[in-house]
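J.: Here's the letter readout for the chains.
There are 4 protein chains.
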Amino acid sequence: MVVVMQERATGEQVERVIAQLVEMGFDIHRSTGALRTVIGAVGRTSADPRLIELLDGVHEVLRITEPYKLASRTFKPENTVITVGDVRIGGDEVIVMAGPCSAESAEQVEAAAAAVKRAGAKVLRGGAYKPRSSPYSFQGLGEEGLQLLRGAADRHNLKLISEVMESGQISTIERYADILQVGARNMQNYTLLRDLGKSRLPVMLKRGISATIEEWLLSAEYILAGGNMNVMLCERGIRTFESYTRNTLDISAIPVVQHLSHLPIIVDPSHGTGRRDKVASMARAAVAAGADGLIIEVHCDPDHAMSDGAQSMYPAQFDRVMAELRIIAPAIGRSICLEPVARRGWSR
Amino acid sequence: MVVVMQERATGEQVERVIAQLVEMGFDIHRSTGALRTVIGAVGRTSADPRLIELLDGVHEVLRITEPYKLASRTFKPENTVITVGDVRIGGDEVIVMAGPCSAESAEQVEAAAAAVKRAGAKVLRGGAYKPRSSPYSFQGLGEEGLQLLRGAADRHNLKLISEVMESGQISTIERYADILQVGARNMQNYTLLRDLGKSRLPVMLKRGISATIEEWLLSAEYILAGGNMNVMLCERGIRTFESYTRNTLDISAIPVVQHLSHLPIIVDPSHGTGRRDKVASMARAAVAAGADGLIIEVHCDPDHAMSDGAQSMYPAQFDRVMAELRIIAPAIGRSICLEPVARRGWSR
Amino acid sequence: MVVVMQERATGEQVERVIAQLVEMGFDIHRSTGALRTVIGAVGRTSADPRLIELLDGVHEVLRITEPYKLASRTFKPENTVITVGDVRIGGDEVIVMAGPCSAESAEQVEAAAAAVKRAGAKVLRGGAYKPRSSPYSFQGLGEEGLQLLRGAADRHNLKLISEVMESGQISTIERYADILQVGARNMQNYTLLRDLGKSRLPVMLKRGISATIEEWLLSAEYILAGGNMNVMLCERGIRTFESYTRNTLDISAIPVVQHLSHLPIIVDPSHGTGRRDKVASMARAAVAAGADGLIIEVHCDPDHAMSDGAQSMYPAQFDRVMAELRIIAPAIGRSICLEPVARRGWSR
Amino acid sequence: MVVVMQERATGEQVERVIAQLVEMGFDIHRSTGALRTVIGAVGRTSADPRLIELLDGVHEVLRITEPYKLASRTFKPENTVITVGDVRIGGDEVIVMAGPCSAESAEQVEAAAAAVKRAGAKVLRGGAYKPRSSPYSFQGLGEEGLQLLRGAADRHNLKLISEVMESGQISTIERYADILQVGARNMQNYTLLRDLGKSRLPVMLKRGISATIEEWLLSAEYILAGGNMNVMLCERGIRTFESYTRNTLDISAIPVVQHLSHLPIIVDPSHGTGRRDKVASMARAAVAAGADGLIIEVHCDPDHAMSDGAQSMYPAQFDRVMAELRIIAPAIGRSICLEPVARRGWSR
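Protein chains in written order, with the working numbering: chain H, 1 to 348; chain V, 1 to 348; chain R, 1 to 348; chain Y, 1 to 348.
So here's chain H without its partners, still in its complex pose (with noise of 0.2 Å):
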């Protein structure tokens, strides 16, 4: 924390705000210029600046931020790469997570994963447990669900990756899924947070609506705290006072979390717009930008989903936008998918 004082401070309120420091555990360093005096003030200790700055002839506290340890690259300096199975998040591969909304029923679940196989996607996608914002929406099939998506998964060798609402609801899902996905809402659920430091699958934390990059990584750091070290972070839009769309991508995130930590980044283009007619635009976008993977949303019939149908690409959309990231991906020395089953299949 470094203070600064007023111009016209007096001598015994500079010696006030030091004593307080000191107080408070810190190391302090005392500039004393023309103008005024500034005070830096050092140490593992943590205080709230606020204290300070409501201090006689105190003009501003300046935060040292990074309130985040095991998140940030001064702590890990090289990429973090998370391995399931054969796949690996935070490569030179750029990962593809693709599948519906939620699972609605076993045709559904099975078409959506053979489509996206065909296309590269290389981890399976989808629902059981639906937080809604009515009361009075579809919900989710619960374990039911799970029970048909890692059977559509294990059929086409794809992971599983698949949302954790609450603490209550980690050890059934931790049974059929390889990643736990985080959502929006629950980015500063703390006893979650908690509670999926102590699992052994990798994590997917989606950025809060409004959180800050640096609340974020905070998020990240109550489950990296726990002891699991393999999470990735999501971004999927802030909210803004645009309402074209219904959230604003902000893409520029994918470069700033790359500067300031070694965790992975993915990018939900679907949530992130809300339309099916924007997701190939801002996926382009993601992967030119640097991100490590994307989460699309891809359903066989979307007009008549239990929910988000109007976010869902059509297969056919779907292949085109992962030929066209082919094409992107080299551009800044990555790849995706070279050599997907679908080519394959067609040559047979």
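Don't read these hints as lab results, they were simulated from the structure. Any given hint could be a false lead.
The list makes no distinction among identical chains, and a pair is therefore deemed to hold if it is satisfied within one copy or across any two copies.
Claimed, not checked - No more than 20 Å apart at the CA atoms, straight line, and that leaves these computed lysine to any residue pairs for SDA-like: (1) Lys198 - Glu174; (2) Lys198 - Glu166; (3) Lys69 - Asp48; (4) Lys198 - Gly168; (5) Lys76 - Leu35; (6) Lys198 - Ala225; (7) Lys76 - Gly227.
In this text, all values refer to a predicted model and were calculated from it rather than measured experimentally.
Dock chains V, R and Y against the given chain H, drawing on the hints supplied.
T.: Same frame as chain H, but now just chains V, R and Y:
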């Protein structure tokens, strides 16, 4: 839902839209003007308007808002008054809840309770379980804290409000508190909201930091739909681009909520500003704008508080703002604790 | 500026940063702690902190704010009181400015002036040149409108405030008005601000819809730096994600501005809410929070107003809110037009 | 406009609303459902929907958007291609404009022009009149700067774009530049927009920092309505709560604008991020998302630039991003300067 077709939309496109709406279960009213066709779709069904928006020939889809029912004034025109013993929230008297951010020790809780009672508060506030954004911060005293708070409340004839962070805590907190508080970060924790719908205690639901008023009322609907009709709302600041204040307290939410809903609205100027020296101004503004109550952090030694000391008022500051509020309330036909214990105490 | 080096920064990196700061003209104070080095850079020079931020080994650069000088309380600790004839803005009395959005006809201006005077307003507001977001809307009566406004103001012993949209209009408007108003969209029109610095009339500077308080004070600095010390600020709502209200009136800006600056602050609840039925609540909140004045739209036939009728109060509504404000003002040691003409007029 | 009545609205309230709409000049379509009445109001007239919203019995008023006409795809379905000599903006080639923030000296301008031409830019950018938020900052070289820019552009066969800050500068800048730029702060300076409607040169209109896409297109309408049909739009970042980046570049605005309007859209990753080390990522994202062009700040000695050096790329960085963009553009069927002078130059 109202579907506005493009000016150049063809008859076939209009028919396609109507067919889809009918399939969704809507009754249709079609208006064909010189410029364009507008289709009204009404019915008890709720469908995702984006699915229609993506059809060819559609200019835009206008949603008829108010997905909440029980929370709306349409459903219940008269104000809800919540009775907690002899305290009535939502009636003519503006109710002030005050106390420390968290219970820290028997002495600290006792001193705060005595101070806020003397100044005219009717409800003691205090947390036993604390949601902290850093895993390395003080996390609350748990049940021991609740015992301290209940004891002090009883000694000073105050009601008690305390925060519930997860469903597992409800039964414990119910044994001690009179009102259950849901924090801003849990506003969309649907598991928790559903479980609070079954509680016999009133619930104060804080607005999420980036929640629209509609989303907030929809979260209240979760509790109401569970059978608990004693819900009060609490405005505590929203996230904006302005960073001088921690949040921007949305005072205009007071008249808006009172227009849309019958539920009482409380304002939290402590979290809303994040700085002790701005609390009094915003408390006065809230009462002048028509709030049904205030919740204010007061601590007898805020410089050594274990959490949020910077936004806790000194007792003398709290006395003063209460005196100011007593002048303001009559301007809108209300009162605030006209005969405080303090005055009677001093006269003895 | 304070430069915080990374924990692993090398001695060479620190030297490189210091060399660059010295080249920029700063005096340097270096603090080397166990964890990291912190460099304080002070001086009258102003440099772009991002240039330092990009250097190797730099963790972050903390800027000492307050790039404005003349607008700050550091420069001038006592409140500025602006005198316009017998009207004092920034003193003990809360000054109310009221009138129609735009001058439309002699009858309309006369009726509005009579109504606002009767209720206790001291300044007539009214636009002659209107900034409209659509090129197809009513653009104002121009100089003819100013003549109508001046005439009505004189007949009712009111001062006159009117908006300047561009430098070319200054000399014309100066011939009629007592206070020049700069609209929110022109808050960063530097050409205009510079020219207003040479005007002999006081200027009311509205906050831009997405301007931080710092940017707003910096725009005031442009006018002050030109030699015109009679600047008052006007909060009129900021853009946030909440769309129920047109803008979110930032009531907390009142105590913040009063802390940072000596300039008077006025609040515009009409533009701040955009709806007549929310104006009274926010006018009361503004006065309770400590505003030095209000500017309110009043129209005798708002349903037929040529602009902004929906946010214009009926005279009876304005009478009522003025009566409420007279009760509130004493709570903070202020008054509002204690003996309105209205009461005296009626008694005759 | 579509008026949704409350569920309990009376027949008289409905009649009152219809009467008011008819008086405003609308044609009315009334739909009476079991639950409520919905009134469609169509016509060439434009009225303030808030006036209806305030009537008794009205639940809400839904506005049919698209107040702009000439800027919309409804008016002109095919893309606008703007021709500046042999440069076509809005066609298959992605056009890159690059150069220094401001013209500072003959040497600086010449070096930058040579560098950007070599890498494949088609248009030189550079400012002669600078809008600065502090009155104490460098304000540009004025006409001398324009002469330097024009000379360098001619020597390197580049087109020239430069910013106009006020109407009085138009005729001067028109003598030197090929494209006139309107800065974000002037997006709603209607006097300036109107005057640019009469210019013979194309105009690039930057999005205001807090402008919705609708407001931005409405500002373009001002220029188009004046008779100048050569308008291109420029996304440069919006203000959000996230403060790590200077602004949040709204990449999703690219597909949205292309859906709503026929005008070309350019992206400015330099102002959009404010930091040189984030420019390349966002330039790639913009092209991948489908932007028609880029405008990038390049300076041969950015550490000593007189403005915005921190966001100016070094020539070597610019060379590299251009090479990356050449790989990305074909993914969406476009190209970027396939045969740069650079390559030809090197072969000699």
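J.: Are the hints correct? Go through all of them and say.
T.: Hints and how they fare:
1. When the C-alpha separation of Lys198 and Glu174 is checked against a cutoff of 20 Å, the pair qualifies only within one copy, where the shortest distance is 12 Å, while the shortest distance between copies is 29 Å.
2. Within a single copy, Lys198 and Glu166 get their C-alpha atoms as close as 14 Å, and across copies as close as 18 Å, so both meet the 20 Å cut-off.
3. When the C-alpha separation of Lys69 and Asp48 is checked against a cutoff of 20 Å, the pair qualifies only within one copy, where the shortest distance is 18 Å, while the shortest distance between copies is 28 Å.
4. For the homomeric pair Lys198 and Gly168, the shortest alpha-carbon distances inside one copy (13 Å) and between copies (19 Å) are both at most 20 Å.
5. Taking the shortest Cα distances, Lys76 and Leu35 sit within 20 Å of each other only across copies (16 Å), while inside one copy they are farther apart (40 Å).
6. In the homo-oligomer, the alpha carbons of Lys198 and Ala225 lie at most 20 Å apart inside one protomer (9 Å), although the nearest pairing across protomers, at 35 Å, exceeds that limit.
7. For the identical chains of this complex, Lys76 and Gly227 are intra-copy neighbours only, at 15 Å inside a copy versus 50 Å across copies, given an alpha-carbon limit of 20 Å.
In the structure shown, no violation is registered for any of the earlier numbered hints.
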